[in-house]
Amino acid sequence: MNIKQINILPRDELLIEFEKCCGSSTWVEKMVNSRPFYDADSLHEVSDKIWNSLSSQDYLEAFTHHPQIGDVDSLKKKFASTANWAGNEQKGASQASDEVLQQLKLGNDEYLKRFGFIFIVCATGKTAQQMLDLLNDRLPNDKAIELHNAATEQNKITHLRLDKLLGV
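Okay, so the sequence shown: first residue is 740 according to the working numbering, each after it adds one.
I should point out that these hints are in silico values taken from the structure, not numbers from a laboratory.
In this text, a Cβ means the ideal position worked out from N, Cα and C, and glycines have one as well.
Be a bit skeptical, because a hint or two may be false.
Stated by the list, open to error - Think about it this way: if two alpha-carbon atoms lie no more than 27 Å apart in a straight line, the pair counts; the simulated DSSO-like pairs of lysine-lysine are:
{"#": "1", "residue 1": "LYS852", "residue 2": "LYS882"}
{"#": "2", "residue 1": "LYS788", "residue 2": "LYS769"}
{"#": "3", "residue 1": "LYS759", "residue 2": "LYS788"}
{"#": "4", "residue 1": "LYS844", "residue 2": "LYS865"}
{"#": "5", "residue 1": "LYS769", "residue 2": "LYS852"}
{"#": "6", "residue 1": "LYS852", "residue 2": "LYS895"}
{"#": "7", "residue 1": "LYS903", "residue 2": "LYS852"}
{"#": "8", "residue 1": "LYS852", "residue 2": "LYS743"}
{"#": "9", "residue 1": "LYS895", "residue 2": "LYS865"}
{"#": "10", "residue 1": "LYS769", "residue 2": "LYS895"}
{"#": "11", "residue 1": "LYS743", "residue 2": "LYS769"}
{"#": "12", "residue 1": "LYS788", "residue 2": "LYS895"}
{"#": "13", "residue 1": "LYS844", "residue 2": "LYS895"}
{"#": "14", "residue 1": "LYS882", "residue 2": "LYS743"}
{"#": "15", "residue 1": "LYS903", "residue 2": "LYS882"}
{"#": "16", "residue 1": "LYS759", "residue 2": "LYS743"}
As the list claims (entries may be wrong) - Derived CB-CB ranges, DEER-like:
{"#": "17", "residue 1": "ASP787", "residue 2": "MET740", "range": "33 to 41 Å"}
{"#": "18", "residue 1": "ILE755", "residue 2": "ASP872", "range": "30 to 38 Å"}
{"#": "19", "residue 1": "SER794", "residue 2": "SER773", "range": "38 to 46 Å"}
{"#": "20", "residue 1": "LYS788", "residue 2": "GLN744", "range": "17 to 25 Å"}
{"#": "21", "residue 1": "SER836", "residue 2": "HIS887", "range": "13 to 21 Å"}
{"#": "22", "residue 1": "MET740", "residue 2": "LYS788", "range": "15 to 23 Å"}
{"#": "23", "residue 1": "THR891", "residue 2": "ASN772", "range": "41 to 49 Å"}
Using the sequences provided together with the hints, build the complete structure.
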């Protein structure tokens, strides 16, 4: 898909395409209503502007559209429309040892219990061990800092997925 196609895509279809990029319904609505986009750069700029204007609840909603790192069953069942994208993004977790995957599972469970949302990290290009290290580094944070960290990571994921939407 290219910018011209995004600009002329019927609203209902574009809502679906943008939801693959970010699970915040407010972000999706505002992106659709921001057409026309002039080029990929303007698409990304508008995305940033909208993302940075959202509430904590919008961020939390976006997080619910991700499987936990390494949770293959969840990825297959709940996230079928983005499973290929997320699976490729989490490729490092699929190549991990059982020990590292178990530590990721335990760390994810602790993170969810502590903060009330799943650990969000832009996993592209990271090994499972690197993701585990990041998880362990972020666990001591307070909730406000961690919400900011997760939102920053979500925004990185959104940009990667916008590029995938554009075929970049």
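Hint check:
1. LYS852 to LYS882: holds (11 Å)
2. LYS788 to LYS769: holds (10 Å)
3. LYS759 to LYS788: holds (19 Å)
4. LYS844 to LYS865: holds (17 Å)
5. LYS769 to LYS852: violated (31 Å)
6. LYS852 to LYS895: Holds: LYS852 and LYS895 sit about 24 Å apart, inside 27 Å.
7. LYS903 to LYS852: violated (32 Å)
8. LYS852 to LYS743: This hinted pair is violated, its Cα atoms lying about 44 Å apart.
9. LYS895 to LYS865: Judged against 27 Å, a Cα distance of about 13 Å means the pair holds.
10. LYS769 to LYS895: At roughly 18 Å apart (the allowed maximum being 27 Å), LYS895 and LYS769 satisfy the hint.
11. LYS743 to LYS769: holds (18 Å)
12. LYS788 to LYS895: The hint holds at about 13 Å.
13. LYS844 to LYS895: Satisfied, since the Cα-Cα distance of roughly 23 Å is no more than 27 Å.
14. LYS882 to LYS743: Distance of about 41 Å is beyond 27 Å: violated.
15. LYS903 to LYS882: It is violated: about 31 Å lies between the C-alpha atoms, which goes past 27 Å.
16. LYS759 to LYS743: holds (19 Å)
17. ASP787 to MET740: 33 to 41 Å: Once the Cβ atoms are compared, 20 Å apart, the range 33 to 41 Å for MET740 and ASP787 is violated.
18. ILE755 to ASP872: 30 to 38 Å: Cβ of ILE755 to Cβ of ASP872: about 35 Å, so the range 30 to 38 Å holds.
19. SER794 to SER773: 38 to 46 Å: With Cβ atoms ~18 Å apart, the hint is violated.
20. LYS788 to GLN744: 17 to 25 Å: Given range 17 to 25 Å: holds, Cβ gap about 22 Å.
21. SER836 to HIS887: 13 to 21 Å: Because 31 Å falls outside the window, the suggested range is violated.
22. MET740 to LYS788: 15 to 23 Å: holds (21 Å)
23. THR891 to ASN772: 41 to 49 Å: violated (24 Å)
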